[in-house]
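Same order as they appear, the protein sequences are chains A and B.
Using this note's numbering, you'd call the opening residue of the first sequence number 1 and step up by one each time.
Using this note's numbering, you'd call the opening residue of the second sequence number 1 and step up by one each time.
By construction, these hints were calculated from the structure, which means they are not laboratory data.
Fair warning: there could be bad hints in the mix.
Claimed, not checked - Only pairs whose alpha carbons sit at most 25 Å apart, straight line, appear in this in silico DSS-like list of lysine-lysine:
no., chain 1, residue 1, chain 2, residue 2
1, A, K57, B, K2
2, A, K96, B, K65
3, B, K15, A, K96
4, B, K67, A, K57
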Amino acid sequence: MRRERDSLVLGRVIGDVLDHFERSVNLIVTYNRNNDTSSSSNSGCCGREVTNGCERKPSQVVNHPRVDIGGCDLRTFYTLVMVDPDAPSPSDPVLKEYLHWLVTDIPATTGASYGQEMVCYESPRPAVGIHRFVFVLFRQLGRETVYAPGWRQNFNTRDFAELYNLGDPVAATYFNCQRESGSGGRRRP
Amino acid sequence: MKPVVGMVVKNKMQKSVVVAVDRLFHHKLYNRYIKRTSRFMAHDELNQCNIGDRVRLDPSRPLSKHKNWIVADILKKARIYVPPSVETNTDSETKTEVSASSS
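The shape of chain A in the complex, shown without the other chains:
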């Protein structure tokens, strides 16, 4: 818990995207190795779990991940937000935060596939610099109480949570992603 908090502070996720919070629910985000989005029984063992600050290539995160949420009561619903606070470049993030994914009404103990996808998953394509991609989980007050924003760019997680009375986050994790280098060699005109 302490190490996770430190990594979120170290990565400036707490500060740039979120305020300090107490983690109360398990959030496991897994990208499949073969970019297969089917939720088969063996997809968990061959997947790559996202840990705070880990490095992922754009080719590894083309399809939306498998998200497992803890909890104990199926009548509790959660909202999952995926944002990029470094768009379009970390040195000048004029589009921050860029909304990549929004799933609402996720029952506890299930995954994102059981929720309503309000904003479809857009695969990360960082052009300049190393970008952070943050998954934030909120507890909803009730079902169908959260709606999609009008556009993806200049999304604000704090304002979004305040607008729909989501309160503090219950879990968060993030990974780093940067543009994959080309094949090399001299470019011909």
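We have chain A already, so just place chain B on it with the hints.
Relative to the frame of chain A, chain B by itself:
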């Protein structure tokens, strides 16, 4: 956590400096303290650092391929030798001319 303090050894880059951090460790066999130096690239947002400055570094998220630190504070500025400017030279020359003419 022990603060990371080092000396700026290179500031040719824009908003980046290279900081040399010295550390001592005890060699069990020889029973001596050995000094080792690590070089870290650090982010200097305002381009304030000069070579020889003593700075404190804070860890950060990866800012580039080799840059994972931020210059948190400049503890001691380096003493930079500034040669006498041209204006002071001309002033002294005019003073000598005036004194010569008066005599």
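Broken hints, numbered, in rising order?
Those not satisfied come down to hint 1.
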